[in-house]
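These are the residues of each chain, in order.
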Amino acid sequence: MGSSAVVSADTPDDALLAGMAAGDQSSAAAFVARYQGRVFGLALAMVGDRAQAEDVAQEAFLRVWRHAPVYDARRGAVATWVLAITRNLAIDALRLRRAVPTDPELLVDLRQPSHDWLPEEAGISAGGVGRLRAAVAELPPEQRRALLLAAVYGWTAAEVGRAEQVPLGTAKTRIRTAMGKLRAALLADPAAAEQLGVPVGDRPTRGGRA
Amino acid sequence: MSADERPLRRACDDVAPLLPELSLGVLGGRDREHVLRHLSQCAVCSVELEQLSTVADGVLTLAPPCEPPAGFELALRRRLVAEGQHHHSPTSRRGTASPNGARRVVRSRPAMAVAVAAAVAILLAFGGGWLLRTNRPIGNREAGGANRTASTSATLMSGHRPVGRLVLSGAHPDWLTVSVRHLAGSPTVECMVMTTSGHLMTVGTFSLAGGSGTWSAPLPVAPAAVAGATLLDTHGQVVATALVRRPAG
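Chains as they are written, first to last, in the numbering used here: chain V, 1 to 210; chain P, 1 to 249.
These are calculated hints, taken from the structure and not from any lab test. Just so you know, these numbers come straight off a predicted model, no measurement behind them. Be a bit skeptical, because a hint or two may be false.
Cβ-to-Cβ under 7 Å is the rule here; a few derived chain V residues that face chain P [to be verified]:
no., residue
1, Phe40
2, Leu42
3, Leu44
4, Leu96
5, Arg97
6, Ala137
7, Arg145
8, Val166
9, Lys181
Backbone N, C-alpha and C fix where the C-beta goes; we use that ideal spot for every residue, glycine too.
If we strip away everything but chain P, and leave its shape as in the complex, we get (with noise of 0.2 Å):
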């Protein structure tokens, strides 16, 4: 062990411990901003969450199946066939890039959802996030649906440079486009977005031609739900982010 790696072995010592509460989604506070930033630099203790995250997935398998009342798929099938009438029809989606990533639980990407988790962290405890707008309805033109609602939008930073916006569309479906200009440094770019209650999804991962982009892509929640969104490279690293801030009342 070189004289360089001997304070990342201590910092090992620290977090090994706190790598079973981070797994299971319920480490907060300084210590989980401690162990994410420990762990952008750290292989060992990345392994050793994904197989730590692993095994708390795999306790949800524990729960004895049981088969759910009748009528159940049928009146599961009727929303079902309403909602592929919105979710799957040719006109809900445009933009000029397709989501090709996945919503999927943090938990399966420890690193990069700890990255993005202490990018939008540090964003709400700094209050450094950029106001939101409440707009004209645009989510039906996107949509081609009949109902109209508001839609909320913030600037996406990269540090202290604006490089793009993000709307959520209230409209339903629930809807994300992500505009960026002038973003080096990566062809694609995956964004995941933090819900008010904390946990962080991936919406989809985009491809950017010189750097720019517009896509839009369905809302793993809705968007009241919504309290920041980040764009990370394909090395894991926050490249953009933007906290959603909503006035009060």
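Next up, chain V with everything else stripped away, as it sits in the complex (with noise of 0.2 Å):
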């Protein structure tokens, strides 16, 4: 085990993913508390139920201890690195006991944030994400759903035409119209957009080549 680390409520993520890779306990209980409310609500919106979502988060949090020395700051936010693996965790357990998921609404508080937490504790942008949030709760519900499947389910256009009881076609035109009115809603707004990490500023010209 490494040597302990001087960790606080103002210590980088990437400083303590760094300590974890170390293998330095405190850096761990200090990414733990910063993350358990998020990581553990995510996977309890996903499985609708608390000792399953127990498991998928304690199972996150340890895959984030062993993957801690390979993670690499330049490559996006901790958090949503954090909740990628919750929510990967949390489709296969759902895919193993072939649940259904739970209504796709619950899964997104679409309320304005409350103060009883704070966004940036867990290393996301309060403004980006409340942005992203009115998007969302903007969206025409059939629209909504769609984008809920897709983004946190996982499920494909065909699994949402059929769920939703219309053709492909339709559901595909569901997402890609969410998704472009998310888009739209934070590059509108440069601010949060940045905060969130969305590319904005000087684009390629359509048909230059990469």
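Hints in hand, dock the two standalone chains.
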């Protein structure tokens, strides 16, 4: 086990991960304290069962611990990395028990965030998340469901179409339109886009080669 | 717009409607392959995909936070301590290079990820993989652990040329060891694995000396869940691929 590092509420996420990579338990404890609400919250929203959500959350943190040595901060926010791990584990858990996802509307809290939790504490920008939340809330319900089933549960357009009893083309259109609206909403608010990490600024010319 | 750019522009129009599904990781089949091919040569669509992917990641942050049950932290702490005794021990690494890359959701680098997905998907589609062998245990030598389990290996191919070997260790912790010889063109390579469920994960970025090198890194998934692996150069181009094929039964 590595030597103990000095950690505080201000210690950046990537510094905590670096501490975990070195085997520092205090960094791990701080990381868990910072993220457990969001990780367990996402797991619970997805699997709908507290015991299974606890299993998923525990496994998610174990994976973060295992893979902390190879995390590269250049590639995105720690928060989205951790939540993506949680999401994938929850999807696996649902598949194993052949469970039907919970109501996708329950997956996201479309209310304005209250002050009893601060997203910044979990490495997530309040401004960017707030704008995204508002954009999701403004979607027509059928587009919102299609988006959430795909984005959170990893459902294909065909699966969304079957669940919603609409043709494949309609499901694809709903997903595409919803994503387009969210992207447009964030690009219209450069500060929010930047906070979420959406690339903005000069774009290559259409038809230009990579 | 030059005459040369017109066909690409038309391709962009074809691909653009598919980018949202790709960014969400739910595009499959020929559509996926078609988009991947286009992305490898189109900067505009790559940027668009990156934007959409960030939006897709952001959706996960909207789930309402909820504190876990009492005892969660304690139970987790015990498991982390137990894990730490395996994963962070001084003997848990070896090799001539250390991973400095990231295990990250694939969508963070869409162009590279899709290139890998395409390469592995093509291998899977055409059965062009290389036979896995079940070897005598090697995991313990690398991890210093007590449990011996079998390892799995596959040949890394660059085109039709074998350039190295991939070994998946089934011991605790799970490890990937890669040996490369005479792989020209890039001083570093990024190693990604594709899981049997289609997820792509970066294992790490490694240095080569004269096109050769050997390294080990923790596997982000169980060895049994690895369907293939790919090495990419610094431009994100696939330079070698291996398909892990397991014998029936």
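Output the indices of the hints that this structure fails to meet, ascending. Of the numbered hints, 4, 5, 6, 7, 8, 9 do not hold.
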